[in-house]
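Undergrad: Below are the chains, spelled out letter by letter.
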Amino acid sequence: MTIDDSGVRVQDSTVPGNGNNNSSTAAELPADLQDERLIASHGFSGAVEAFTARLRSGDLGSVPVVVGLIIIWAVFQIANSSFLSSRNLVNLTLQTTSVGVIAIGIVLVLLLGEIDLSVGSVSGLSAAVLGVTFVNQGWPLALSLIAGVLLGLVIGLFYGALYTRFGVPSFVITLAGLLGFLGLQLLVLGKEGSLNLPFDSALVGFATRSFLSPALAYGLVAVVVAVYLLSRLRSRGARAAAGLSAAPTSIIAIKAGALAVILLVPVLVLNGDRGVSSMFLLFVGMVVATDFAIRRTRWGRSVVAVGGNVEAARRAGINVRMIYLTVFAACSTFAAVGGLLAAARLVAVNQSSGGADTNLNAIAAAVIGGTSLFGGRGSAYSALLGALVIMSISNGLALLSLDSSVRFMVTAGVLLIAVTIDSLSRRSRQAHGRA
Amino acid sequence: MTVTPAPVTTSTVLELRGVSKRFGAVQALKNIDLDVRAGEVLALVGDNGAGKSTLVKTIAGVYTADDGTMVFDGREVRVGSPAEAQHLGIATVFQDLALCDNLDVVANLYLGRELRTGRVLDEVEMERSSWELLRQLSAKIPSVRIPVASLSGGQRQTVAIARSLLGQPKVVMLDEPTAALGVAQTAEVLNLVERLRERGLAVILISHNMADVMAVADRVAVLRLGRNNGVFTVSDTRTQDIIAAITGATDNAVSERAARRTQQEGSAS
Numbered sequence: 002m003t004i005d006d007s008g009v010r011v012q013d014s015t016v017p018g019n020g021n022n023n024s025s026t027a028a029e030l031p032a033d034l035q036d037e038r039l040i041a042s043h044g045f046s047g048a049v050e051a052f053t054a055r056l057r058s059g060d061l062g063s064v065p066v067v068v069g070l071i072i073i074w075a076v077f078q079i080a081n082s083s084f085l086s087s088r089n090l091v092n093l094t095l096q097t098t099s100v101g102v103i104a105i106g107i108v109l110v111l112l113l114g115e116i117d118l119s120v121g122s123v124s125g126l127s128a129a130v131l132g133v134t135f136v137n138q139g140w141p142l143a144l145s146l147i148a149g150v151l152l153g154l155v156i157g158l159f160y161g162a163l164y165t166r167f168g169v170p171s172f173v174i175t176l177a178g179l180l181g182f183l184g185l186q187l188l189v190l191g192k193e194g195s196l197n198l199p200f201d202s203a204l205v206g207f208a209t210r211s212f213l214s215p216a217l218a219y220g221l222v223a224v225v226v227a228v229y230l231l232s233r234l235r236s237r238g239a240r241a242a243a244g245l246s247a248a249p250t251s252i253i254a255i256k257a258g259a260l261a262v263i264l265l266v267p268v269l270v271l272n273g274d275r276g277v278s279s280m281f282l283l284f285v286g287m288v289v290a291t292d293f294a295i296r297r298t299r300w301g302r303s304v305v306a307v308g309g310n311v312e313a314a315r316r317a318g319i320n321v322r323m324i325y326l327t328v329f330a331a332c333s334t335f336a337a338v339g340g341l342l343a344a345a346r347l348v349a350v351n352q353s354s355g356g357a358d359t360n361l362n363a364i365a366a367a368v369i370g371g372t373s374l375f376g377g378r379g380s381a382y383s384a385l386l387g388a389l390v391i392m393s394i395s396n397g398l399a400l401l402s403l404d405s406s407v408r409f410m411v412t413a414g415v416l417l418i419a420v421t422i423d424s425l426s427r428r429s430r431q432a433h434g435r436a
Numbered sequence: 014m015t016v017t018p019a020p021v022t023t024s025t026v027l028e029l030r031g032v033s034k035r036f037g038a039v040q041a042l043k044n045i046d047l048d049v050r051a052g053e054v055l056a057l058v059g060d061n062g063a064g065k066s067t068l069v070k071t072i073a074g075v076y077t078a079d080d081g082t083m084v085f086d087g088r089e090v091r092v093g094s095p096a097e098a099q100h101l102g103i104a105t106v107f108q109d110l111a112l113c114d115n116l117d118v119v120a121n122l123y124l125g126r127e128l129r130t131g132r133v134l135d136e137v138e139m140e141r142s143s144w145e146l147l148r149q150l151s152a153k154i155p156s157v158r159i160p161v162a163s164l165s166g167g168q169r170q171t172v173a174i175a176r177s178l179l180g181q182p183k184v185v186m187l188d189e190p191t192a193a194l195g196v197a198q199t200a201e202v203l204n205l206v207e208r209l210r211e212r213g214l215a216v217i218l219i220s221h222n223m224a225d226v227m228a229v230a231d232r233v234a235v236l237r238l239g240r241n242n243g244v245f246t247v248s249d250t251r252t253q254d255i256i257a258a259i260t261g262a263t264d265n266a267v268s269e270r271a272a273r274r275t276q277q278e279g280s281a282s
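Protein sequences, first through last, are from chains G and L. Numbers in the working numbering are just positions in the first sequence, counted from 1, shifted up by 1. Numbers in the working numbering are just positions in the second sequence, counted from 1, shifted up by 13.
Derived by calculation from the structure, the hints in this document are not laboratory data. Take these hints with a grain of salt, some might be off.
As the list claims (entries may be wrong) - With the Cβ distance kept under 7 Å, some of the chain L side facing chain G (calculated, not the full set):
{"#": "1", "residue": "Val75"}
{"#": "2", "residue": "Tyr76"}
{"#": "3", "residue": "Asn115"}
{"#": "4", "residue": "Leu128"}
{"#": "5", "residue": "Gly131"}
{"#": "6", "residue": "Val137"}
{"#": "7", "residue": "Met139"}
Quick caveat, the model's predicted, so the values are computed rather than measured. Every residue, glycine too, gets a C-beta built ideally from N, C-alpha and C.
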């Protein structure tokens, strides 16, 4: 990284003329804020202005889903005062986990602008494999779990190979998978069609009875906030050292404070009952890890690039086939893990495991959470937020003793609103040049 | 990451001799000779179907020539793929720019060659050197943290050209960089082309716009029906002569003699 002679000369040559004025501002302002056309936003008020401007332009991020979640919770709380009780919210976290884990995989394929319709069947199949090998064949638990996860991985690689080799649309490949793996699940389960997992096995214990102690939960919150604060301060230092604009410490402090509140309040409420479920913590950990992979690694950057413009990504030297292959593999693997967790929580595997609405709930969760169906735009956190919305509706309607008929229709309405918001904000982003 | 400035000489960087390319029964290129010199803008002009795009794609490694030799930096080379061409130091900015609209300027500049610390992207260093590169090009990009979709046509062209420079090329080929641009944006891109020349790069500029060609090019190579139809030095050639060579209005004995003389003068200077 050397500053070359001609570059320096070009910059120096601007000095005579209006140079004095120029060079003095250049010395004061960070490298990324020197352009005079930039709308200056300094300090705290500037950050707030920038945020509202972004919302107005249609760059909504997770704002709609958070607002939606608040509305849904308020409505159910008014209808039934036990909805926001600690006990029910602990149940909600347990219900959310398996759909949420599956939705993480959906977020990844949606980032590419593709779809996987078979996640439900794959989750059911991996649960069936777990049940048959662990209960009927007497394999060690770890081996059964690995078999289930590997199955998902292999299915995903198969999809990826079909897609990259033959160019079959992912919609069709996974529609075939939806049917085919449902059939395979029935075949694997055999005649009896239903298996109960031993209630005292480690897996069932993890999914149903394992909760963090209050001290551990609070300690974890403290560690997360501290790590966040340190990493932001470090990146601030690095940016300042590189001559770039850095967020004011007040903003960093406010953000860290907000994070602390966002984490502490749920932990406080959940600790009113059984506490934070280990299984839910595993899910949140997967979300955070996936988010990191999407935003901060070369692989994630390539995934977003392929979702935005395949041809540009290919010309930039990205191995596009490898990206498709890994994303399909990751999606099916998440589906398999979600299926195993669902089986563990229900303490059973049967013919309807992963059936019914698992598939559509997971896809709807990713979309409701704010991941665009058009590719190239989305966040792992939409799996968490979207799954919470879907399962809140299901949980709340169950509390009101309303059956599936209402649940399906309400979920459909929310999904439709979410997709409409996505389309509208996409149009608005294009109009505001933020596509 | 920045391009090391070659001494501004007129040494030949890229030399094509007798390059031919056939597509089935069509002879797209026949015996093309071309010299590209460091620190010089060579405009490549010709009518539709003259073979400009085929020639550019042959140099860029998209097509392989059927016949002829290519000498790059004193060595005879065969370019089998676009990646090989880039590796040699031949960067091409195609007309469609190939940018990801959903990514910001920094991400687009470093796409496929992200800087990392360990396995994590080094955003700070990428942003810093993006600014350094854009400043060296005196590029007018207000912010590198906005999606490329929000940039104007000229700014997008600038990003695409800056992107091609990250590989430290010796030759930069620009395929109709001003085709879809307004007056001010065209001027911006032409300034950028001149700045590439100042850095000692060899620039091959494909253009239909004679005003642009006359404004920035040092020499003009004319293709007609897949053959060389003269190389002109801009400083002592009139636009009409070049247009005549493009359209083939010179296809008679008298003007051919004139064109030959101009060509000799052109290559002698």
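Undergrad: Hints the structure violates: just list their numbers, smallest first.
TA: 1, 2, 4, 5, 7
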